[in-house]
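**Q** Sequence:
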Amino acid sequence: MVGIDKEARAQLLQRMQEGNSTDPNRVVLPPATIKVGVFDFKVIMVKDDSLSKEGSLGETSFNDLTIKVDSNTPLRRCQAILLHEVLHSVVFMYRNDSESETPELNERQINSLTFGLLQVVRDNPQLVDFLREYSERAK
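Heads up: the sequence shown begins at 1075 in my numbering, then just goes up one per residue.
Honestly, I wouldn't trust all of these hints.
Stated by the list, open to error - Using 20 Å as the maximum straight-line C-alpha spacing, the simulated DMTMM-like pairs for lysine to aspartate or glutamate come out as follows: (1) 1116 x 1144; (2) 1127 x 1144; (3) 1127 x 1138; (4) 1121 x 1144; (5) 1109 x 1138; (6) 1127 x 1181; (7) 1109 x 1123; (8) 1109 x 1133.
FYI, nobody ran anything at the bench for these hints, they're computed from the structure.
Generate the whole structure from the sequences, applying the supplied hints.
**A** Rendered as structure tokens:
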């Protein structure tokens, strides 16, 4: 189960039900862990005051291998925040350290990728099925 206290979990479940227009009885919680490279990042839903940067809705710790997401956000925003943090993890894991300057993506670039990928996934379910087939065959 996702790292979350009882009160935050209840709030999150309510927002997830409200935010799911296709089936309000179906609640999908974020995964407990997300594998990026060889590491499993623990997903933790937190209250906004426990994030280290004021005003931040999510953060990734490469030392602790955690991704924290503000549990006070609506479903679609929560999905975007989680994907945003996953993209930071991917860039960190797959950067080429042999280069003199580490290719890092700035927040604007990560935001563009986040919302672009969410739109592609939403509007192209056949692509998602095709990619899922790739991942199933790779096991």
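**Q** Please name the hints from earlier in the document that this structure breaks, with their numbers sorted from lowest to highest.
**A** Violated hint: only 7; rest satisfied.
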